[in-house]
Structure formats: C-alpha cells, structure tokens
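Using the sequences provided together with the hints, build the complete structure.
One letter stands for each residue in the lines below.
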Amino acid sequence: MKRYTYYIYIGCLTALLLSSCMKQVENPTVVQELPDIYPDYIDVTIPVGIAPMDFNMTDDEVELIDVVARGGKGGELHAQGAYADFDIDEWHALTAQNQGTDIRFTVSALKKDEWIQYQDFTMHVSPCPLTDFGITYRRIAPGYEVGGNIGIYQRDLHSFDEFPILQESAVPGQCMNCHTANRGSSEQFLIHLRGERGGTVIQTDGKQTWLNTKTDSTKANFGYSYWHPSGHYLTSSVNSIHQSFFVGKDKRIEVYDTMSDVLVMDVRTHELLLCPLLQTVDWETYPVFSADGKTLYFCTSKPCRMPAEYEKAKYSLCRIAFDAQTGTFGTEVDTLLSAATLGQSFTYPRPSYDGRWLMYSVTNFGNFPVNHTEADLWLMDLQTGKTRSLSEVNSPDVDSFHNWSTDSHWFVFSSRRGDGMYNQAFIASIDDKGNATKPFLLPQRNPKKFYHEMLDSYNCPDFTTEKVRFDARTAGRNCLDNQRIQVTLK
Amino acid sequence: MKAFVSQYSLYFLSLLLVVSAFLFWYLGYPHALSYQEQYQLFLWTGDYFWTDVLQVGGLADWLGEFFVQFYYVEWLGALVLALLLTVFWWLTTKVVDNRWYAFVPTFLLLAYLGDESVLMSYVVALILAMGTRLMMQKVHPLFDLLTVPVLYGLIGPVAWLYVFLRLIQRKNWQTVGLLLYLLIIQWVVVSTLLRQWPLTSAIMGTNYYRIPMKLPPFQVLIPVIIVVLAAWGKSFKRYRLWRLAALAIIAVMCTFFRFDSDKYELIRQDYLIRHERWQEVVTRAEKYQVPVNFSSECVNLSLAMTGRLAERQFAFYQSGEDALIMPMVRDLTSNLPTMEAFYRLGMVNESMRYAFDLQESILNGKKSGRLMKRIAECCIINGKYAVAEKYLDILQQSLFYRNWAKDARSYLGNEAWIDAHPQWGKLRKLRYQEDFLYNYGELDKMLGRLFINNPENKMALEYFLAQLLLKGDMASFQQYLGWAQRYGGYTMMPYTYQDAMKCIQAQGDVPGSAYAAYVRQMTQHHPSAATESNHSAH
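Those protein sequence lines, which keep their order, are chains A and B.
Per our numbering, numbering through the first sequence is continuous, rising by one, with the last residue being 490.
Per our numbering, numbering through the second sequence is continuous, rising by one, with the last residue being 538.
No lab work stands behind these hints, which were simulated from the structure alone.
Some clues are possibly wrong.
Keeping only pairs whose Cα atoms sit at most 25 Å apart, straight-line, the calculated BS3-like set for lysine-lysine is [as the list claims (entries may be wrong)]:
#1 B:LYS445 - B:LYS458
#2 A:LYS312 - B:LYS445
#3 A:LYS111 - B:LYS406
#4 A:LYS449 - B:LYS366
#5 A:LYS294 - A:LYS386
#6 B:LYS406 - A:LYS448
#7 B:LYS426 - A:LYS251
#8 B:LYS263 - B:LYS406
#9 A:LYS438 - A:LYS386
#10 B:LYS429 - B:LYS458
#11 B:LYS445 - A:LYS249
Where chain B lies over chain A, by a calculated footprint (3+ residues, C-beta under 8 Å) [as the list claims (entries may be wrong)]:
#12 164-176
#13 243-249
#14 419-429
#15 452-460
#16 474-486
The beta carbon of each residue, even a glycine, is placed where N, CA and C say it ideally should be.
Set out below in structure tokens:
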C-alpha cells in the first residue's frame, strides 16, 4: 500500500509539473474570425470513437497553440503545444459523451509573444457511429509507370496506427492493385498483382487462392473487381489498360482502355459466367453488384481510336439483372445515365450496402477519374432515380475512389484538393435524405507535418470491418512460385 | 630498428591505406561516389533516424546513408570512404591478429564495392560487428545475452560475424550456445517482424544490397574469410610473406576486375552530365565510347549543349532511333540522360515524369536528392508551387541540398522572379505552350512541334533534324533542312547535314561518310528498317 502511495505522489507531481509547463493564455486579443487550421476541421461531422482530430495552425509563425474542447453534453479537453494534440482515451470519452451534439473548440495562438483568441468553431459528433475497424488503401507515389515502394495498408480509424497488408518488398517487382473486400469484410477479399508473375489472390477465411484469370476467350486478366454480397461470385472487368502522358504544364496522365468487357466468376468453382450483353464491341467496365445482388451495374463507352480520340471516350452508367441462384443474367441492359445524352462520363459506381444510394464519379470524358481535376462525386437515389452532385463534398480538384462504410452512413474517398498531386483520404457521413456532411481529412498526429512530408497518395480507400490478417510472406512465396489455378469458362 | 618498424608500421600502413584509398576514389572513381549519393537523400531529422533505426539492421543503414551523403563533395566522400576502409582494415588486424592477413578481406571489400548495388550499410555492419567484438574483449560472456539481440537489431544478420568471432575468442564450448541463441532470435524476428520480406532477404539482410532477393557471394565470403583468418590465421604463419603477397595481388586484381570498365564509363558519363561538364563527355568519347544507347544520349546531349550536335553527331556512336531520347526503362539509371535531355530541351513535363519514375525505381525505396531536386525544379517551372514546396522543404532537411532548396523556395509564387531566372525562365519560354499526349513513336514530330512552338529553341531544331537522320526519314529531313538555314544561325551548313545530303544524292555511296556508315550499321542490325530508310532516301 505504501508503494502505491508513492506512485500516486509521483503521478501527482508529474501532472503538476506538466500542467505548470503549460502557458496561461493571458490577455488574449480576441479576433472575430475563425482560426486558420490544418486540416480544415471546422464544422465537420465526425463519428464517435474516431482518432483524435489533431490540427495545426496554418501560420508557421505561431509558436504555441492552446485549444480547449468543450462538449455540448459535457466534458472538456485541453491541449497546448506546437499543434493541437489530444489524448486518445480522453478524446474517445469526449466524443462518446457528446454523440449527436457538438464539440466547441476555443483556439488561442501565441504569435510574437502575443496571444490571439479566435472565434470558437465546432465539430459535430454524428448520432451514427462508425462501426468499422478502419480503412484499407493502397499507398503509392503519384508517379507514372513505376509503382515504386507501393503497398496496401490498413489504418485503425480509432487510433493513428497503420499496418501493412502487403508491401512491394514481399513481392519484389510486382505492382499491386487495391485490396477489394466483400462489403468491407476482413475475411473475404482479393488483390490483383501485376507484372511478370502477376495473378489474383483471393483470401477467404484466411486461406489464399491464387488464380490466373486470363483465358483464351477473355481479353485480359481481371481488372476492376467487385464482390457479390453472397460471396459466391465476383464480377470483374477485363481491360486493356494504357496510359499516355501530357506534354503541357497542367495535366499529367490520361489512363484509358483500348478494349474491355465485363464478366462474373463463380468463386466456388473458378468458372467464368459470360454474358453477350457485357461482351460487346463497346467498352464495358467498372462492374458492381447491387446491395441485394440482383443487379449488376457497369459503365460502357462506344469504342474510340485511342489515344488520339481520348476525349471522345465517354461512359454511360448501365445495369443488367443477375440471378445468383442460377448464375444467369437478364436479357436487357438498362441505361441509367447516358453519356451521349448528358455529354459526360459516368464511372466508378458504388452502391450503398443498404440499397438506397449509388455514388459515382463524373468527369468530362474517360474512365479514370483520379487524373481528372474536374472529377466530382455524384449521388443517385436508387428509389427515385434522382441524381445530384455532392457539392457539399466536392472540391475544385479531383474527388474520386469512393466507398461506403458497412452501415452505409459514412463514405470514404480520395481527393487531390490538398496540393493537386497527392491523393488524401477524406471521410464524410450521409443522412437518410442523402445530405452529406463536410468531409474531414483522415486524422494524423501533427497532420500538417505528416501530410507535408508524405510522399505517397492514398489510393482506393475502403472500409474494413476488422483488422485484415494477410500473410505477406506466403503471398510472396506463392507469387514467385507462379502456381495458379486457371479460371475456366462455364 | 625492428621494434621501431613493428611499432609504427601499423600507423604507417593505416596512413598508406587512407592515402591510397583516397586517391583511388578521388582520382579514379569520383563518379562512383556520385552514383551512390544520387540514390539516397539523407535527412537530418529525428523522424528519418527513427524510421531507419526501427528496422532490423537500421543503425547500419542510417550510418551508411549518413556517410554516403558526404559523397556529394567528391574529396570529402573519397576521404570518408578511405577512412571507413582503413577502420575496417584496422579492426580486421585486431580480430585476425595479423596486419598483413587483414588486407585480404579489405581488398575483397574494395572489390565488392565495385558492385554499384552494394550499400554502405554492409560496410558499416562489418565494422560495428568487429568493433563490438573488440569492445567485448574483457566483458563477461553473460553480457552477450543482451549484446547479441541488440547488435542483431542494429546491424542485421552481419551480427553472425560477431557471434563467430566471439566463439573464436572465447574458445569455450559454452559459447556455442550463442549460435543457438542468435538462431532463435533471428527465427523469431524473421517470422514476425519481417513477414513483408521474402525469406531469403529476411535471413540474409534487407539493407546490404540495393536489389532485393539477390545475394552476392561476396556478401557472405568477406565475413567468412574474416572468421577463417581469425580462427586459423596463426597456423598460416609458416607460409612465407610472398605467398601472402600473392594473396594480396589476387585481391587487388579482383578489385579491378570488379570495377567493370564499361559500366563505370557510363556512370562517369552520367556524372559529368550531372555536373554539366559537357566538354569532358565529348573528349572522353573521342577516345572510347561504350556502344550503347545510354552513351549515345550522353554524347549527343553534350554535343548539343556545346553547340556541335549538327556538326559532329555521326562522328560518335549512334545506337539508333533511341540515340537521343530513350523510351521508358524501368530501372534507376537508364533514363538519366533522357531526363537531362528533356529538361534542357524544354520538355519539362517529360523530364519530371522520367525523374519521378527513376526515383521510384530505386529498389530499396529510398528517395534521391538529385531527382527530387529536378522534380522540384519542374514543378516551379510549371507553377505547381504547393507540390514544389513539399519537395523543397524535404530537401531543406538535407545537408548538401539545403541552401539550394532554401533559395529555390524564395521563388515560389513569384512569377517575375521565375521568368527572370536564367534557366527556369528560359525553360518556361521553351516548353510546349499547348497540351497534347506524348508519343514516343512520333518523337520527331514532337521535337518539330517543340521547335515551332519557339523558333529560338535551337536545341529542339537540332534534335528534330538529328532524329530524322537517326530514323532515316530522308524525305522529311530534306523537307525541313530549310529550317536549319533559316533559324539555325549557322554561318555554313553543318557537316552532318552536308554529309547526309551527299548520302541522299549518292544513294548512300559516299566513301568516308559517317552518316553512310551509320546507315550501313543500321542496315546490318535492322534490315527491314534499312529498306524503309533506303526507300525514303530514294
């Protein structure tokens, strides 16, 4: 007992010393303006239990920042330092206590020995929790033809911890496409590898299966894939993907197909289900299943002479029925958004898992929105068919690569709004009426430094329900062994 | 006298080694130092330190990079490397207890350094392993329970050298347990922390060699020889000195054999281009030129930069249509001269693209000071200031790029300053004013378009006509030769153009013609292309 008393004394003394290290905000000059902070977290909506929303002042001349966060339902946090850095546990407690209400931040900045106190701002704690563990994404330098030190990672959204799933070091010389999970499942997902020893690895309940997805009757290996909710099928495009580079100063890359089809694979038998309506002379791509698995959405463009006519490639958003019981397709293709009529290109459809919404990318042309500064996110109400631009989310730069949380109340997307070159992951919530909230940048400790020094883009972020466990060593060995199960036609 | 010699010979030999190694690198291979330096960017930050050190073998990695940063200044780099080599030799003398035998692993190490993919972390790891063994000379073996895992964590699998040397030193069978101990530690680490590495790399070290999955024999041979000499060196004493000398000679020969002359000639050309020593590239090529496209590009660029491309292009080896601009090659070196040529031509976006992909081709995932600097410059020219700022702020954390980056940062957003900058301002005028897709297959057209874009871009004009000649497109060459007369500023028609015209008129039958020789060379290598070329000529 005596020993514990000592510990308490030491703890109190340490706390006293620490608190005495904090400078008092004395006689601040109160200004009627909001603080200029990075990231812009003013008025954003966050879920309970999100990692602390640390932020910096954008002004480099600020020596010290003092932040008091007060919850509308109680609770208070105080942070002082070079940037606002909140204790994880205390932050979680504050957000939990204030679910459905606001947290008000009072920010004071010490600059040239003078304290400036700004107008308070708020963050809204959503009544909808974010139940997923975190997000997965590919980290890749925004280069051209070389993937470099590419890797697929996962990030615990409740802390700042990032874990590698598969890094390039495990499969030297191979490029990897993104981890595609079945509704954010950590138990069923696939990864495509490109390169000399490329292939598709499907992991189900911890077991890796390596496939060769190219057949004599299909145009290429699997490209953009998506799971059927039953987990028995996956749909994929098979594309001949190319990229060209601009010589001018404003644009860098245009990625395009010279042909593409859509197909479905029975995961249990590794048999391909082909449909003539999805294998036309037109270019079909970006297939996804609806939430109930009865509809297959995809995008399609009339063929063009590429790359000369790259601006003519415009994709319509279509759908076709799919019967999972029999593995058969409907007999008609329904065009939801016509590129010919609307004059734009509609790609990367992502239906919400509750079946209510369909989010997609809109660009002036092409099928690779991440390189189009005009790329915006749009939302379709699947009950009414009405569409609208998510203007509350979009930015003047690229907004793309969106995916839904498993409860469909949140979505994540990548945006180049930061510096025009590096994609960053943003998260926003959406209510029952389809109104999205102001998105917030994926929280980091000392975010200004983190993102300024970050030399990778966050590519294809998606939610994951649990922490993904993937044995990279085994994957590397299997990749090099080149032993693949050949998919066949049914 | 003998005692005196014995006492001071160690110092003398150390000094001799420092001086000779310094001269070897400084006079013989400054370009090798530049090559190493350009594939890393050492930052003086705590984050950089911890990112390295928290990896297995990370301290060796960090120290290796720390030393290599000084290669930026040639004499300093040569001195650092000479000192490291001497320290290695000195520690080996202590470990094997013979200063002469110690030369064998030293020369082998020098030979191994001739492989451009060897990282300095390997040398540092060897030094730290032997240094630790000497420091632990009189320390109780129980401390090895701590030393071995810490050393393994800091320098990686070269920690095995320490364990074997300790075994030899103690001559105690109980110390054999150390082998098992390190084996268990390594097994645990390889099975847990290094799952993102193939088994071979995880076991043999992830940071000693730039190319993953490769295990050069020298990497194992050098520590094995140290162990053999430490264990049985004394029994070799009955051999006479000349036998030892023979060993040393073999090692020296091995050194020169490892420094492949053609490879290092190409590295030297790139080094000279990096430092804009154009005339030296041409002078060296006059004596000997490696017959590959890399060399053609270096020489052609140097000729262009000294205003003699139109005069002398075919006096040098031309590899073909890729002799001016190479298509994208996924490695860390091949596209360096193309990146430089693009930049000077005013094809700023393309220079940035090549620089970016070259940087991403560095197989150990490091960034490059040289390439990041180029990317930042391109961003400044293109007005992408937010991205430029990102790179400049990183470069400011280095020792040797700091001042440049600081100065460059002051230009951000200041259009008038950039326009007035002698290089950036000029490139802003030379670059394409319109946007279209790059097409390597139509390189000649792109160069022509670049020239039309700004008729003051004489380099673009010369590259355009040179590309037509390389391609054998005689009809176009004749069609556009007028541009050379109108815009080239030549007092008389350059020799290459005269020669080419003679070839056209004489249908290739011009004795002593350099261009005719080129066409013949291409005919032999690419008969179909030659037919096309002849057809065009007719």
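Consistency of the hints with the structure:
1. For the suggested pair LYS445 of chain B and LYS458 of chain B, the alpha carbons sit about 15 Å apart, so the restraint of at most 25 Å is met.
2. Restraint check for LYS312 of chain A and LYS445 of chain B: the C-alpha separation of about 23 Å stays at or below 25 Å, so the hint holds.
3. Proximity of LYS111 of chain A to LYS406 of chain B is assessed by CA-CA distance (about 23 Å); at most 25 Å being required, the pair is judged to hold.
4. Taken as a hint, the LYS449 of chain A and LYS366 of chain B pair is honoured in the structure, with Cα atoms around 19 Å apart against an allowance of 25 Å.
5. For the hint pairing LYS294 of chain A with LYS386 of chain A, the CA-to-CA distance comes to about 21 Å; that is within 25 Å, so the pair holds.
6. Using a Cα cut-off of 25 Å, the hinted pair LYS406 of chain B and LYS448 of chain A holds, with the two alpha carbons roughly 19 Å apart.
7. Under the criterion of a C-alpha separation no larger than 25 Å, the hint pairing LYS426 of chain B with LYS251 of chain A is consistent with the structure, at around 21 Å.
8. The straight-line distance between the Cα atoms of LYS263 of chain B and LYS406 of chain B is roughly 35 Å, outside the 25 Å bound, and the hint therefore fails.
9. A hinted pair counts as satisfied when its Cα atoms are at most 25 Å apart, and LYS438 of chain A with LYS386 of chain A qualifies at roughly 21 Å.
10. A threshold of 25 Å between alpha carbons decides the hint, and for LYS429 of chain B with LYS458 of chain B the separation of about 13 Å falls inside it, so the pair holds.
11. With a C-alpha separation of about 19 Å, the suggested pair LYS445 of chain B and LYS249 of chain A falls inside the 25 Å cut-off, and the hint holds.
12. Only residues whose C-beta sits within less than 8 Å of a C-beta in chain B count toward coverage, and the stretch 164-176 of chain A has 7 of them, enough to reach three; the restraint holds.
13. Residue count for the stretch 243-249 of chain A with a Cβ under 8 Å from a Cβ of chain B: 6. That meets the three needed, and the coverage hint holds.
14. Taking a C-beta to C-beta cut-off of 8 Å, the stretch 419-429 of chain A contributes 4 residues in contact with chain B, enough for the three needed, and the coverage statement holds.
15. Evaluation of the coverage hint for the stretch 452-460 of chain A: fulfilled, as 3 residues show C-beta separations to chain B shorter than 8 Å, against a requirement of three.
16. Counting residues of the stretch 474-486 of chain A whose C-beta sits closer than 8 Å to any C-beta of chain B gives 3, which meets the bar of three, so the coverage hint holds.
Of the numbered hints stated above, the single one contradicted by the structure is hint 8.
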